[in-house]
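Novice: Protein chains in written order, with this note's numbering: chain A, 26 to 110; chain B, 26 to 303.
To be clear, the hints were calculated from the coordinates, so they are not data collected in a lab. Each residue gets a CB set at the ideal place from its N, CA and C atoms; glycine is no exception. Careful, some of the hints might be misleading.
A few chain B residues that don't get close to chain A, going by computed Cβ distances all over 12 Å [claimed, not checked]:
#1 Val161
#2 Ala200
#3 Phe228
#4 Tyr295
Across the chosen pairs, the derived CB separations fall in these ranges [unchecked claim]:
#5 A/Thr92 to B/Gly279: 24 to 32 Å
#6 B/Asp230 to A/Gly60: 51 to 59 Å
#7 B/Val284 to A/Glu51: 18 to 26 Å
#8 A/Asp55 to B/Arg56: 24 to 32 Å
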Amino acid sequence: MSEELIPKVKQMIIESLRIEGMSPDEIETDAPLFGEGLGLDSIDALQLVVAMEKDFGVVVPDAATGTKVFASVRSMADYIAEHKK
Amino acid sequence: MNCFMFPGQPLIHDATLPGDADFDEIVALTRTHTGMDLSAFTWAGEAHSEQVALQVYGVAVSLYRHRCLRAEGMKPAVAAEHSMGVYAALAACGSINEAEALEIAFRVGVSMERRFHGRDYALGCVVGLTAEKLAVLAAEGMVFLANHNTSHHFLLAGGRHEMEATIGQALASGAFSAKIFPCDAPLHTPLLAEAEGELAAIFRDYRYHEPAIPLMNHIDQEFLTAAEIPAFLMRELTETVHWERTYRALQRFGATRFVEVGAGDSLKKYNRWIESRP
């Protein structure tokens, strides 16, 4: 289930963060999203929280949860698969 | 219509620096006018705080990026500034020169470092609460709103003890994240008024030309005139930075393309958030 979500999560990241010049395939599934990797920050995190709720109906309640959820594309897909209504 | 946006002080510095002739010139200017070695992030003479170094670094990076953009042929029709990004913005608009921008940032930073030495202040970055909710927490916690960046991104300033309590309350009230950062002085709060004498004297030391490019201020979204600049530079240190309403005003003015001229891309991300909200 979560494996099927991976392309959708990558597309959501690109659209919600308006990343220009990057295709979903260029985002590594297991690479860290914050710090290294895509270099996201807390401004991006809140944008992703809103996008996840809008696109998948899944809520990330706080930064502590967000730290785990936004560790990588795979962890985001796993969280969505687990919490999707 | 292009808008050049000049961000305020970064919270960290990038260890990887450019290695071209323009950056070498900025490094030399910075060393001559502030005593700071940008390459090593150290001071040649008397040492100053990390915050002063970051303030000078922020201006230097903005000046360098501005040189690069102009070399690429990009010209702004309008400019905007956020917090201490105003010094580089003034240089980009031709109101002062690059050396003066670096020198003012340095002198202001050192003045605040000395004036507030021994007192424990902190900044609090709060993400995810509404302005109304945050205003209540700030009032109860006796801290101040330093930056109103978007509907859900704010910076508080005040005493460290009060800030720690307020940040705890923010998290308990549903903030997505809330973090404390060190500072020398409570920037963009009325607490800075006690340093008005020495800070205003610094701003009076320079001659300001009329901005060649319209420069919108972040307090009331008016375009600065040369005569207003010294008073604005003092006022902006004691009042909240309003980025969201500045961005909206720039759009109403006709700006369609926003280019961040400095370290990081926070302003671009704030704009993205503002655009994504109804």
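Novice: All the hints need checking, so say for each whether the structure fits it.
Specialist: The hints, checked one at a time:
Residue placement check: B/Val161 keeps its beta carbon more than 12 Å from all beta carbons of chain A (closest about 20 Å). For B/Ala200, the non-interface assignment is contradicted: its Cβ lies about 8 Å from the closest Cβ of chain A, within the 12 Å cut-off. The Cβ of B/Phe228 lies farther than 12 Å from every Cβ of chain A, with a closest approach of about 31 Å, so its non-interface assignment holds. Residue-level check failed: B/Tyr295 sits 7 Å from the nearest beta carbon of chain A, not beyond 12 Å.
A beta carbon spacing of about 41 Å between A/Thr92 and B/Gly279 contradicts the range 24 to 32 Å that was offered as a hint. Taken as a hint, the range 51 to 59 Å is violated for the pair B/Asp230 and A/Gly60, whose Cβ atoms sit roughly 41 Å apart. In this structure the hint that B/Val284 and A/Glu51 lie 18 to 26 Å apart at CB holds, the actual value being about 24 Å. A beta carbon spacing of about 44 Å between A/Asp55 and B/Arg56 contradicts the range 24 to 32 Å that was offered as a hint.
In this structure, the earlier hints numbered 2, 4, 5, 6 and 8 are contradicted, and the remaining ones agree with it.
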